[in-house]
Amino acid sequence: MPKKSSLSITVKRISKNKGALVGMFIVIVIIIVAITAPFIAPKDPYKQDLLSSLEGPSLNHPFGTDIFGRDVLSRVIYGARTSVSISFLAVVIAILMGMIAGTLAGYFGGVLDEILMRFLDILMAFPDILLAIAIVAALGPGKSNLIIAIAVYSFPQFARVMRASVLTIKNSEYIEAAKAIGESHISIMIRYVVPNALAPIIVQATLRMATAILTISGLSFLGLGVKPPEAEWGTDLAMARVYLEIAPHLGIFPGLALFLTVMGFNLFGDGLNDALNPRLKDR
Amino acid sequence: MIPVILGVSIISFSIMHMIPGDPARIIAGEGATKQDIEAIRSKYGLDRPLIEQYFRFMKGILTNDLRSIKTERPILKEISPRFLNTVQLAVVSIFISSIIGISLGIASAVRRNTWLDSFAMFFSLIGVSMPIFWLGILLIIIFSVFLGWLPSGGKGGVEHIILPAVTLGLATSAIIARMTRASMLEVLNQDYVRTAKAFGLAKRKVVYKYVLRNALIPIITVIGLQFGYLLGGAVLTESVFGWPGLGRYVVDSIFNRDYIAVQVGIMIIAMSFVLVNLLVDIFYALIDPRLRRG
Numbered sequence: 001m002p003k004k005s006s007l008s009i010t011v012k013r014i015s016k017n018k019g020a021l022v023g024m025f026i027v028i029v030i031i032i033v034a035i036t037a038p039f040i041a042p043k044d045p046y047k048q049d050l051l052s053s054l055e056g057p058s059l060n061h062p063f064g065t066d067i068f069g070r071d072v073l074s075r076v077i078y079g080a081r082t083s084v085s086i087s088f089l090a091v092v093i094a095i096l097m098g099m100i101a102g103t104l105a106g107y108f109g110g111v112l113d114e115i116l117m118r119f120l121d122i123l124m125a126f127p128d129i130l131l132a133i134a135i136v137a138a139l140g141p142g143k144s145n146l147i148i149a150i151a152v153y154s155f156p157q158f159a160r161v162m163r164a165s166v167l168t169i170k171n172s173e174y175i176e177a178a179k180a181i182g183e184s185h186i187s188i189m190i191r192y193v194v195p196n197a198l199a200p201i202i203v204q205a206t207l208r209m210a211t212a213i214l215t216i217s218g219l220s221f222l223g224l225g226v227k228p229p230e231a232e233w234g235t236d237l238a239m240a241r242v243y244l245e246i247a248p249h250l251g252i253f254p255g256l257a258l259f260l261t262v263m264g265f266n267l268f269g270d271g272l273n274d275a276l277n278p279r280l281k282d283r
Numbered sequence: 001m002i003p004v005i006l007g008v009s010i011i012s013f014s015i016m017h018m019i020p021g022d023p024a025r026i027i028a029g030e031g032a033t034k035q036d037i038e039a040i041r042s043k044y045g046l047d048r049p050l051i052e053q054y055f056r057f058m059k060g061i062l063t064n065d066l067r068s069i070k071t072e073r074p075i076l077k078e079i080s081p082r083f084l085n086t087v088q089l090a091v092v093s094i095f096i097s098s099i100i101g102i103s104l105g106i107a108s109a110v111r112r113n114t115w116l117d118s119f120a121m122f123f124s125l126i127g128v129s130m131p132i133f134w135l136g137i138l139l140i141i142i143f144s145v146f147l148g149w150l151p152s153g154g155k156g157g158v159e160h161i162i163l164p165a166v167t168l169g170l171a172t173s174a175i176i177a178r179m180t181r182a183s184m185l186e187v188l189n190q191d192y193v194r195t196a197k198a199f200g201l202a203k204r205k206v207v208y209k210y211v212l213r214n215a216l217i218p219i220i221t222v223i224g225l226q227f228g229y230l231l232g233g234a235v236l237t238e239s240v241f242g243w244p245g246l247g248r249y250v251v252d253s254i255f256n257r258d259y260i261a262v263q264v265g266i267m268i269i270a271m272s273f274v275l276v277n278l279l280v281d282i283f284y285a286l287i288d289p290r291l292r293r294g
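Protein chains in written order, with my numbering: chain A, 1 to 283; chain B, 1 to 294.
Next up, chain B with everything else stripped away, as it sits in the complex (with noise of 0.2 angstroms):
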C-alpha cells in the first residue's frame, strides 16, 4: 500500500521531467530570453538535484506553498473546488448504475434464460463496448438537442447532472448487473435455498431474504471498485458535458503548460483511486469474517 503510494507520487511528479527538452524553456512559452528561462528555472526549483525537486514538490503540497503556475494561487486551492465537483458526479453516478445495475442483475437471475436475461446481458455488452463520449453525445442529441429536456453541459441544478452521471455511470451498471446476475445464481443454486423453497416459503421472499443477502458482499465490492473508476475514468464525461471536475481541469492545464496543476492533479485522481481500493478491502475484510485472519 505504502510503496504504491510512494510510486504513484514519484511517477506524477516525474511528468515534469519526462518533457523532451528543458522544462524550463517549455513553461517560459515561445520568445522567452534567457534571462527569463534562467529565472523560472531557480522559481521551480529545476536547476535542483531531483530528488530534491521530489521533496519540495512533496512538502509543497502539504504546506500549501505549491503554486499553479498559471494563477499562482496554492494549487490545492485550484484542486479542491474541482475535486468536489468530480466527487458529486462520481456519487450521483454510482447512485444511479448501483439501481440499475442491481435491479437489471436480480430479473436476469430470476428470470434466467427468458427474454428479460438475454436482454441485461445484450445491455451488458453495450455497456463495456460503449465509448464514454460517444455515449454522451447521443444523450446530448436525444435529449438536449432533439427533446429539449435537458440541459446539453455546464454546472447548474439537477438537470445539469443528469446527463453526466448517467453517462459516466452506464458501463458501470452494465458491471454491477453482471456480478449481481452471476452472485444470485451462485446463491440460487445453494442448498438452503432449495430449503427454504421446499418449506414452501414464497420466492419473493426467498429472493430478497436469502439469496440477495447473501449475494451482496460481491456486489458491494465491485460497486466500491467501481466508485473508484468513476473518480479516475470521469475525464472524458467531464469533456463532453463541461462538467467543472479535476479530471477535466488535468486536461486543460496541459494545455495551458501547467505542469504543476498537471502533476498534483494526476496525483490527486490516482491516490484517491488507490484509496478508495484500500477502503473497499478493509470493508471487505470487515464483513466477511473468513477473511479476517489472512
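Chain A on its own, in the form it takes in the complex (with noise of 0.2 angstroms):
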C-alpha cells in the first residue's frame, strides 16, 4: 500500500474514534501550555508572598496559593513543562534503548535474543514503579537521574515490541531479496526493518508517555524526583499532603492536571492503537 494512503486512512480513523480525540485534543493543549508556560502563566511560579500564604481560589489566584504564597495556576502551568520535558527525554532515550536491544535480538536470535530477554524478564519482574525506585535509590534523586530511571524502566516494552515486529518480518521474502543483492545488516534493519516497526513503536511510546508522567509525580511526591522549589505536580501534592487539613484546595489541581495528561495520552495510545493495527482495517 503507497504510504500516503496509509497516513491517510489513519487520519480517518482516529478522527472516527471520539474517545482518540479527546486524547489528542488534551495532548496537544498540554504540549502547548509546557512550550509556552512562560507566556501564559499569569505569575512568576517562583516569587514568594508569605503575606498571602495558603489563601483559596481568587480572581488574583484562580487556583489559590501554596504555603509560601506563590501562585498555584502559574505553578501547575509550570509543572506541564517540567513533566513533558522530562517524560519527552526518557521517553525518546528509551524508544532508543529498546529499538537497538529487541533489533539484535529479533535479527539474529539464538544466544544474543535468550539472554537479552532473560534480562529483560528480569527487569519485568520488578512491580510497578519499584525498579525506578531502585535507580534512584543508588543514583540519588534529581533530574537527568529520574530520566535514566525512567528510561531503563521503559525500554524492555519497546525492546519486546520491536522485537516481535523484527521476528514477523525476518523471514518475509524483500529482506532475504534485500540479503541475496547484498545488503549490510546495517543498512536492512535502517531501511526495511526499522520503518515496519514505528507503528507499533508509536503507539507504544504514546502510552509510555502517560506512565512516565505518572512515574515522575510518583517519585517526585515521594521525595525522590524532582527537587522543590522546581513546579512539579507530585512535588506539590506532596506539600499539599501536609496542609491538607487547612487548605484542601492545594489538593486538587495539580492532581487534576497530571490525572488529565495522563488519560489524554492513554485515550491517544488506544485510538492510535485502534488506528494503526491492521487486523481492525475493515472497522
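For the record, the hints were derived by calculation from the structure and aren't laboratory data.
Don't take every hint at face value.
[Said to hold, decoys possible] With a cut-off of at most 30 angstroms between alpha-carbon atoms, the simulated DSSO-like pairs for lysine-lysine come out as follows:
1. K227/A to K70/B
2. K34/B to K59/B
3. K70/B to K59/B
4. K155/B to K227/A
5. K155/B to K70/B
6. K70/B to K43/B
7. K70/B to K143/A
8. K47/A to K143/A
9. K34/B to K70/B
[What the hints assert, rightly or not] Taking CB as the label site, the calculated pair distances span:
10. Y208/B to P38/A: 57 to 67 angstroms
11. L198/A to T33/B: 32 to 42 angstroms
12. I35/A to Y208/B: 46 to 56 angstroms
A virtual CB, placed ideally from N, CA and C, is assigned to each residue, including glycine.
Can you join these two chains into the complex? Each is in its own frame, and there are hints to help.
What follows is the structure in C-alpha cells.
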C-alpha cells in the first residue's frame, strides 16, 4: 500500500474515534501549555509572598496560593513543562535503547536473543515503579537520574515490541531479496526492519508517555524525583498533603492536571492503536 | 523462574554498587574521618571482591546475620512486620476491588450497550489513568477533611484501612471489571448458552450457573496477577496514608542511607511479586486441564 493512503486512512480512523480525538486534543493542549508556560503563566511560579500564604481560589489567584504564597495556577502551568520535558526525553532514550536491543535480539536470534530476553524478564519482574525507585535509590534524586530511571524502566516494552515486529518480517521475501543483492545487516535493519516496526513503536511511545508522567510525579511525591522549589505536580501534591486539613484546594489542581494529562495520553495511545492496527482495518 | 529470582537478587544487591562514588563514604556521612570510612568499608565487606560480597549478602539474609545499617537489628526482623502490614493492605484491597470489579463487569456484560455499560467503561478509563496518590488525597479531602468519617492516615482499627485499601484497589477494580466484561461476553456468545436460553431457563440462572462459572478462569487469573501488583505498587499509597508498610520503609531507608534495608526491601517486594505470578500460573494449570500437557 502506498504511504500516503495509509496515512490518510489513519487520520480518517482517528477522526472517527471520539476517545482518540479527546485524547489528541488534551495532548496538544498540554504540549502547547508546556512550551508556552513562561508566556501564559499569570504570575512567577517561584515568587514567594508569605503575607498571602494558603489562600483559597480568588480572582487574583484562580487556583489559590501555597504555603509560601506562590500562585498555584502558575505552578500547575510550569508543572506541565517539567513533566512533559522529562518524560519526553526519557521516552526517547527508552525508544532508542529498546529499538537497539529488540532489533539485535530479533534479527540475530540465538544466544543473544535468549540473554537479552532473560534480562528483560528480570527487569520486568520489578512491579510498578519499584525498579525506578531502585535506580534512584542508587543514583540519588534529581532530574537527570530521574530520566535515566524512567528510561531503564520503560525500555523493555519497546524492546519487546521491536523484537516482535522484527520476527514477523525477518523471513519475508523482501528481506531475503535485500540480503541476496548484498545489503549489509545494518542497512537492512535501518532501511527495512525499523520502518516496519514504527507503527507499534509510536503507539507504545504514546502510552509510555502516560506511564512516564505518572512515574515522574510518583517519585517526586515520594521526594525521590524533581526537587523543590521546581514546579512539578507530584512535588506540589506532596506539599499539599501536609496542609490538607487547612488548605484542601492545594490537593485538587496539580492532581487534576496530572490526571487529565495521563488520561489524554492513554486515550490517544489507544486510539492510535486502533487506527494503526492492520487487523482492525475493516472497522 | 530460577534465573529470574537470581537476577532479581543480583539487581537488588547491585543497588549499593551503582552509587556514584564510594558507598562507604556515603554511609559514613559528611564529616567522617578516614578511619571511620575504612572501618565501615571493612565492616560491610565493601573491600572484598563483588562476587564474594554477593554471596555474603545472600548468606547474611538467610542466616539473619545481615543487619540494618541504621538500627543494627537483623534486617529480616525490621522487614517482616512491615511486610505483613503491606500484605494486610493488599489483601483487603484485592477483596474490595474484586467485589466492585466483578459486579460491575457482570452488570455491564449482561446489559451491554446500556448506560450502565458506558458507566462501567468510563469508570475503568478513570481507574487506569488516575494517579494513585492523587486519588488518596481526594479521598482524604472528602472523607476525612469534609465529612470527618475516616482517619486520614496511620494504622489502627478497621477504619484506618478503608481509605488506603480503596485507593490502592481502584485501578485493580477497573482492570477486573474490564476482564470480567470481556470474559462474560465471550461466554455469552457460546452455543451452549444459546441452548440454555432456548430451553427457557431463567436469565438469572443462565448468567450465574453457566456463564459466570465458565468465565471465571481468566477473571481469577487477573485477580491473582493484580494481587502481585498491589504488593509491589503499595509504595505510593503507603506514603499518602502513612501506612507502615514495606514500600514506605524502603523509601524512608533511602533517605536514611540504609542501603542494606533498601536492597533487601526491594528484593523481598520483587520476589513476592514473582512468586505470586508463579502461583497464578500453577493455579491456572491446575484448573485448566488443557494447559497441563504444555
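(message) I'd like to know which numbered hints this structure contradicts. Please list them from smallest to largest.
(response) Of the numbered hints, just 11 does not hold.
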